[in-house]
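Going down the list, the protein sequences come from chains A and B.
The first sequence begins at -8 in our numbering and counts up one residue at a time.
The second sequence begins at 503 in our numbering and counts up one residue at a time.
Please note that a few of the clues may not be correct.
What the hints assert, rightly or not - Here are a few chain B residues that sit away from chain A, every Cβ distance over 12 Å (derived from the structure):
| hint | residue |
| --- | --- |
| 1 | M503 |
| 2 | K506 |
| 3 | V509 |
| 4 | K552 |
| 5 | L579 |
| 6 | Q616 |
| 7 | G625 |
| 8 | R654 |
| 9 | T708 |
| 10 | S713 |
| 11 | Y762 |
| 12 | E771 |
| 13 | G779 |
| 14 | Y784 |
| 15 | I815 |
| 16 | A836 |
Stated by the list, open to error - Interface residues of chain B toward chain A, partial, derived using beta-carbon atoms under 10 Å:
| hint | residue |
| --- | --- |
| 17 | D581 |
| 18 | R770 |
| 19 | G773 |
| 20 | I774 |
Derived by calculation from the structure, the hints in this document are not laboratory data.
Idealized CB from N, CA, C, for every residue including glycine.
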Amino acid sequence: MTDGKPAIIEIRGLRKVFHVGDVDVAALRGVDLDVRAGEFVAVIGPSGSGKSTLFHVLGGLTPATGGTIRIDGVDLAQLSEARRTALRKSKVGFVFQKYNLLPTLSARDNIAIAQHISGKAQEWTAQFREILRLLGIEHRLQHKPRALSGGEQQRVAIARAIVNHPAILLADEPTGNLDSANSEAVLGLLRDLNQRLGQTILMITHNPEAASYGHRIVRMRDGQIQA
Amino acid sequence: MLNKLVVENLKHRPVRTLLSILAIGIEVTMILTLVGLSRGMLDDYKNRAKGVGADIWVRPPNTSIMQFTANSMPEKLVDFFQKQPHVTIATASANFGAGFMETVSGVDFDRFSQMSGGFRFLGGGPIRQPNEILVDDRYARLKKLRPGSMIRLGDREWRVAGIYESGKLARILLPLPVVQDLAGSTGKVAQIFLKLDEPANAAKVTEALKSQLPDYHIYPIEELTSLFTTSNVQGLEAFTYVVITLGVVVGFLVVFLSMYTAVLERTREIGILKSMGASSGYILGILLRETMVLAVVGATLGVLMSYGTQYLINNFTGPALTQTIVPDWWPITAIIAISGAQLGTLYPGMKAVHQDALEALSYD
């Protein structure tokens, strides 16, 4: 389905070293990866394999130590922190394991603030309303996160992540805090969004079952992609 | 959207929000109360000085305008002034310190009434017996006195003969010889008041008198009352500035700590905003708006609380203390509160915006 489409993510020789006290810890040791537009890629690996670091570097949350990362044609490695922050407004949507909704705002406002930050109009299109129906949260929008179940919070987080039509949706263990039923629902929704909207998704997981929802599974170990 | 986030953040932590508002309110009240007290007391002095009805005041050499004046002028000077051109009435008063900030003044009631236009009694009447005393309505209210009440002053019991409307030189009045006797200064007076045929002659007569009595402080009433300012009360202006500075520092520290804690509490939220692409300015804007709301509400509360301190001071403290409401200081204190609060937010705010998004998101 995505064959022949251009790579929306191009990673070459990506390295990330953390300085822990006097010790340097190499979390990424030369990662090469291409993800085509509209692809749903699952990155799988054990704890400490570097998959979360890849997620953070790819989302511009932390700078790379070396190598290049091009997202939709923009090289993240060349950007300052402020420019990386600005890039996240339009190019990257995040879904975290812990949902990371703002506790003081309702579900509706959690979505609206993402639009406000990006400077986009806060009216919702018919297509987005349809997505909210698909996510099954259209009747729960007035509630604050504490009144929502984990599954509902994660679906609000997905809606927030895609409201600005990002080039890529990064999901870090999106089902890590959910039970089996909610996990299946969330993974099914991610696959639906990928199929209906052509949303590029890169999902980090340690769960092979969850990874099987992707078009392609990329395995990581010791900071490198395994062949 | 931003305003909604600010309001929801403040509502989310009601205790912290209320404590911050209260702290800023206390800062503002402290300043307004002090300024109101200094101004109220000076206005009270002015009114009571004007209530004497004199056109010229004479005070002894080597005395300061706002200090308790000892009885150091010879009473015979009254006769001297009475004989001066344009002077229609000359009379004097003596003082006796009966307690902390409690002064009893002695006057020649006949001449004093002629000069001031007489007393308006709200209860009782003039002194008729040797152990009787007059008090003004403020003093009577504070001390819960009525005509016939007994009061102890200067180791003697006095019976309140009458309660007069305040604004006549002093809050407690006795005949001049009685006060001179109490103070141990028979034949001496503290101040001499002169009534002229025409108030317009005050400057001319003052000059003439000064040339004859160069060591004495001789003022036309308008000049005298214009000297009733904080800068003429030794140390009051400096004291006021010290308290204002303390108020600002305390308010600053409270808001600083409050915002610092708020930033720490919201580390994860700040990380979430950063993950969505919120710029440093955006996050700082949220924090500064929150502080602005706290400061404005706190300043308003402070103004309202200054009415409370006015009520308490004017009704439950000594008769020497009078607080007025000072609306011209409302914007000044608001600016002090807002700028202090905003400065107090800047450091934790800058810390927040420079926080690593990844660290912030990992914060529990």
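* To do: State the violated hints by number, sorted upward, taking the hints as numbered earlier in the document.
  => 1, 2, 3, 12, 13, 14, 17
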